Amino acid sequence: MKPFRHLLIAVLVGYTLSVILNTSVSAATLQGFGIDVGLYDRLAMAATEWVGLATVYLPLYLILHGTVFWLVDRVTGGGVFDASTLRWVFAVAGALSLMTLYLIFDRVLGSSGVLVASTRTTSGLLLQMGSGAVSGFLFCLLRQRNNAPIAD
Numbered sequence: 002m003k004p005f006r007h008l009l010i011a012v013l014v015g016y017t018l019s020v021i022l023n024t025s026v027s028a029a030t031l032q033g034f035g036i037d038v039g040l041y042d043r044l045a046m047a048a049t050e051w052v053g054l055a056t057v058y059l060p061l062y063l064i065l066h067g068t069v070f071w072l073v074d075r076v077t078g079g080g081v082f083d084a085s086t087l088r089w090v091f092a093v094a095g096a097l098s099l100m101t102l103y104l105i106f107d108r109v110l111g112s113s114g115v116l117v118a119s120t121r122t123t124s125g126l127l128l129q130m131g132s133g134a135v136s137g138f139l140f141c142l143l144r145q146r147n148n149a150p151i152a153d
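Residues in the sequence shown are numbered from 2 upward in steps of one, following our numbering.
Among the hints, a few may not be true.
What follows is a list of derived Cβ distance ranges for each label pair [stated by the list, open to error]:
no. : residue 1 : residue 2 : range
1   : A118      : L97       : 14 to 24 Å
2   : T68       : G35       : 36 to 46 Å
3   : G53       : V109      : 15 to 25 Å
In case anyone wonders, no lab produced these hints; they're calculated from the structure.
What you are looking at is a predicted structure, and each value in this text was computed from that prediction instead of being measured.
We treat Cβ as the ideally placed atom computed from N, Cα and C, and that holds for glycine.
Generate coordinates for the entire structure from the input sequences, incorporating the hints supplied.
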């Protein structure tokens, strides 16, 4: 049960960071059009987006990272990497898994199927990959603190 808790914590942190980054990009775009977006507006946008995306994006994020982190654990289970390197392996896996998800959505559904609007630009995609990296790094860190494998 602990590995699932670790995954849930890491995914919620990564998802929340993803929403905050997406909201920031959206607010910056609005400001570029001359619309004033204050702190309250940004917080309200982030809260609305967090809840709104939770029905589709959060489950995808959870399933994607659960699967990818399990696979990474299986591949790296032989003690090939030291603890520090392993954290970075999970971070890269988290980043690349999100990039792959966004690019697949874009390829299959086009711009109308963009899951997170900020991924329409390269810088936005890189920011979102950062949220995946945070999820992977945090998941591995939590797991290492309790010395728990992902699955028995």
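Checklist entry - For which of the previously enumerated hints does the structure constitute a violation, in increasing order of number? => result Failing hints: none at all.
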